[in-house]
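Chains as they are written, first to last, in numbering that gives the first Met the number 0: chain C, 0 to 275; chain H, 0 to 353.
Among these hints, one or two may not hold up.
Listed next, the stretches of chain H that the computed footprint assigns to chain C, with coverage defined by at least 3 CB atoms under 8 Å from CB atoms of chain C [as the list claims (entries may be wrong)]: (1) 74-80; (2) 91-102; (3) 182-196.
A few chain H residues that don't get close to chain C, going by computed Cβ distances all over 10 Å [said to hold, decoys possible]: (4) Gly38; (5) Leu149; (6) Glu277; (7) Asp282; (8) Gln293.
Keep in mind that the hints were calculated from the coordinates and are not lab data.
Built from N, CA and C at the ideal position, the CB exists for glycine as well.
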Amino acid sequence: MSYAWFLRISAMRKALALILVFALSCFLLLPLFTLLIWAFADQWTFPSLLPQQVGLRWWQWVFHNGDLGNAIKLSFEFAPIVTIASAAICLPAAYAFSRFRFPLRRPLFVSLLAINAFPKIGLYISVAALFYRLNLMDTFLGVVLVQLINTLVSMTWIPTAAFNSIAPELEEAAHDVGARGWRVFWRITFPLALPGIIVASILAFLASLDEAQGTLVVGTPSHITMPVIMYTLVSNYPQPVGAVFSILLSLPSLVLLISARRFLTAGYLAAGFRVK
Amino acid sequence: MAGLTLVDLTKRYGGATAVSNVSITLNDGELLSLLGPSGCGKTTTLRMIGGFITPDEGDILIDGQSIVRLPPERRPTAMVFQRYALWPHMTVYDNIAFGLQLRNKSREEIRKTVDDALVLTGLPGKEKRYPHQLSGGEAQRVALARALVLEPRILLLDEPLSNLDAQLRLRMRDEIRNIQQRVNITTVFVTHDQEEALAIADRIGVMNGGHLEQLASPDEIYTQPATLFVASFIGNMNLLPGSITDGAVQCGLLGFAIPQDARLSGSTREAIIAVRPEELVLDGHGPYHGQVTQSINLGDHKLLVVDAGEQLVRVAVAREDAVPRGTAVNFSARRYHVYEDGVLRGTAVSNDTA
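Bound conformation, chain H alone (with noise of 0.2 Å):
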């Protein structure tokens, strides 16, 4: 249990820079999802901060030491990987324990360690099966136990959960959170699904190409996108583009006033409006109009497809609202952002429609 803290951490491989200035300060019991593409340098971050590459540049810091020079074996992390990295000729018994023998604890208190491991992880009465006769879950368990019993002060994951099907997936997802707060440790997890790092994360740090694009809480990653690249990857997003006209942003037929405290540089005539579906509503009086092309149900909501002249705008609606095709229909914002440059420039709230 501790803080973690990561100083313009930088890796490059011959030309071209994985990992640019990542700079991260985690509170101690804190769960960090790192999110992004494949390529964006998380995994390389999450490697960086296990010891198993060397940054170029930055330092890395638990409980304000820096580790950035210790091999793996002296760090006080440890990793559940990818695809688990079990060792296929040991039982899960031994695979739990090996760190703790290496470590020269008597046998009493290393079969103690492990059985409380084994009951945390819900896996009593595995420990003398081999990797190859354990379910995908079960291994994902025993990887986790194994990181465990270590009593590391910074637990990483990479991807623990793209190897599962996806049900268990979603129960693995919640059993790592719950475990995770149980032991109170301070946690890094990295992932490709937004899903996954909206449920389970304190916070969130989206990368892109090496870059830390925004990092904040869940509901401000959602609500707040701070660059157009979050804006894109996370959740369902229109991104309309437009141009400035004086006060508001034209995109084709839509036009979009610019809210009073935004701050553009003003050094283009471009803007992209990014709007969520669900934060457009279906309103007769509504400034915007145009005409159903499609109507996609997704269960517990549907999303209208709507041809509005020059764009094609998604909407959301309720389960119960049936659109049929090329009904014309009237449409306002409650909510959208105003990007420049691909940086958010502000967010207009519109109070007057409920």
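So here's chain C without its partners, still in its complex pose (with noise of 0.2 Å):
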């Protein structure tokens, strides 16, 4: 004897996947909206489903509050210092990684993961260990160089694989044409890569402005950013503080991302982690 008879029609087996999708939507996008409520309620108590009073009064006192100031402030001074230079670092990588062939090359390329395989905060407290020494703990190039770690992977990566796509050919060519060293790179194989460059950017920008442990670790009491500032926030102040600032921190992500859509789309992502 079958349950399943209602799946053999069809009309049925679209309601249920819509209920599904419904359900997944409402999963996901709920406590998104809860938020969105929360940040604009003035004043919302039980047994009201709804807020009593509607405004702008929390945003208010966000941008007023000092600290919160700061770590707003702060944030946005990190993620491109930290962009930029893992830019600096993990491109000229990349495109060795892509072009040339040396020893070690596939396991070096690898190992970059290795980031990735253990727990992170784990990492954080060596990494303190060896700041104490430097003298690096609560300064900034401490917090950029730890911020630097969760951003390596998708910096190398990325690249390597939009340098990979772009035909030796086309260098060649330009060779041909009677261009030298620089010139190729910077009139061919970076605008041919930059695509894949800029969705490396992004990713590096939003690592770095939702990094909490690490920063937590090395840039206490001084370095707080905003993620960081969350965790003493949920605490500390009004529900709303923490709603208003959750779409702070979220805001970013999204126009970054709708921003990038089209070069996400292109492949690049998925390119990124086929190793060669």
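Make one complex out of these two single chains by using the hints.
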């Protein structure tokens, strides 16, 4: 005896699929939705289903609170610097991985993954031990360095794939018409790899913006970024403040990911994780 | 416009020799076709001339000056790549102008040179297009224009027609030859297509296994193949292995007299007779006979497959000749070659048949 009789009716199947999609959307979006309501709830007490009073009170409060304002400012200072530093280190490495054959090339390429193979907090603790000796604890440079760790894989692998996808003849043709090394790179190789480099940069920017554990370990007490302050926020401030902050934190990700949609779907992400 | 000389050019990869002792002298304005199967070393040779591969031994001279130590950007050569290698992020105009901009020419001069090149290659009006908006033939012309605007002394073409469909290939072949002669530029043209080579080249260099097998005019390559490889690679050829008996090579039931001037080494008793189907003629009084087993219509002529006892031979006949299967025929050979140890030893030409 089968209970699956309703699956044989196509209308039923469609209805079921719709219900599943709806349930999944609720699961993903409902928390965000309550977050949105909380952020604009000036007053919201039990047993009311919706806030009694809606406004921008908590937004003003957040922007006028010195600690929180500083955290926002600091986060947006770290993110671009970490992105640029990461690009400066990883792009030459990516080009080398793509164009040159050297001993241990493959092991080195794969070893970048090792960063993700262990619990991060253990890594940060040992980094902190090292930074104490180097006097890098609670310094701007220390935080930049610890945030760099999370950007290395994507900033190396995705541009490597981008460089790999450029046919060597395109560079040879440029040499053939008289261009030398740097000219070939800037006029031919770099523009062709740019979509991949943009994707990698966006991921690095977001990784820095969202990094909490490493910054917490290395940066406290005076280098507190947005994600770090979230920890204290939840326990020490009224709930709407947390909501406002969460939205501020997700907004850049949302904007960047939407604007990079074109590049993200171009196959660089998938290609980046193919080990050659 | 210049002469090109390759002296004992050799390239090895690990233990394998890709190109072995290739020596060629090309005259001003000549078009040389390097012809051979894939892996024969023809593209490696071309890339050594362009500077993309460094030879292990030998020298490359342009107008008597060695360029073998120069990087590609300093050689007076220009290459058209097999897959065109147009820069996808630049327009047709920028693709052609890039090399001129590097030479710090004035804007007006560049515009004029590019416009001339567009006219020469039949591309006016396409300068604002991007490579992905071009057809195969147009991309080919842009690649050619990009190479020609720099007024190179040597033009290098790496299988430039292999990505085009059959119709367009014929048209572009004639067009490349036309442009090459108008500009009068010394050219090396790599191809695996013998028809292309025969049609376009002043001279053909047939390569096999890294060696230059024969370097000669298309006529000579076709009528006097210097080695067995050339004989089998170019055109249609009956190759009949046989044994040397006094004054003749006996191939199964077919006996071929060894020509007077043939220079056999005498080291073996084996020889191979090579005879083109069109040099075999149906002839009631011919010395050979056999039975037609198949008739292949090739449009402008027919090939008969004739069973001559131990050998199957192909005989070309005119389009109108209807020879049904099973017909017993007699035939004779007007012209054939004798190969010993893979090398041409003599050619027999009979003068009694029309």
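(Q) Name the hints, by number, that the structure is in violation of. (A) Hints 3 and 5 not satisfied by this model.
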